[in-house]
Amino acid sequence: MPHQALSKLHVIPQRQTINGEYYRTKILAGSCKDAIDRRAKNGSVLQRATTSKMSEIIFMQDGAPAHTAKLTQEWCKQNLPAFWQKAESLGTHLTSITLITYGQY
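At position 68 of the sequence shown the residue is numbered 68 (full-length UniProt numbering), and the sequence of numbers has no breaks.
Derived from the structure by calculation, the hints contain no laboratory data.
The structure displayed is predicted, hence computed values, not measured ones.
It cannot be assumed that every hint is accurate.
What the hints assert, rightly or not - Keeping only pairs whose Cα atoms sit at most 30 Å apart, straight-line, the calculated DSSO-like set for lysine-lysine is: (1) 70 x 26; (2) 8 x 26; (3) 41 x 8; (4) 33 x 77; (5) 26 x 77; (6) 26 x 41; (7) 77 x 41; (8) 8 x 33; (9) 8 x 70; (10) 77 x 8.
The whole structure should be built from the sequences, with the hints applied where relevant.
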């Protein structure tokens, strides 16, 4: 995330299993999609646009089963700009989902 905007922190309940459905509905469709869809130029860091150009965002994930599930991959292709699919990712050494922005510094 860039310094001018942030996503809301999603706290996973204790003993919650992160399967594909939970990941898609609670994390991707909730916190992540909200951050990507914002367009405001002013306001708090939780209200401002993540970037002025969607082409500056690359969304990638690690190899966790919830991330690589077929339905998750399909959801990401339909909803996220410049999504790096399972075969395109940098490998399973990454530990979380990441929004990378570039060209803003």
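Here is what the structure says about each hint:
1. 70 x 26: Roughly 17 Å between the alpha carbons, so the hint for residue 70 and residue 26 holds.
2. 8 x 26: Holds, at roughly 12 Å.
3. 41 x 8: Holds, at roughly 17 Å.
4. 33 x 77: holds, 12 Å
5. 26 x 77: holds, 17 Å
6. 26 x 41: Roughly 26 Å between the alpha carbons, so the hint for residue 26 and residue 41 holds.
7. 77 x 41: Answer holds: residue 77 to residue 41 is near 26 Å, not above 30 Å.
8. 8 x 33: holds, 11 Å
9. 8 x 70: holds, 26 Å
10. 77 x 8: holds, 22 Å
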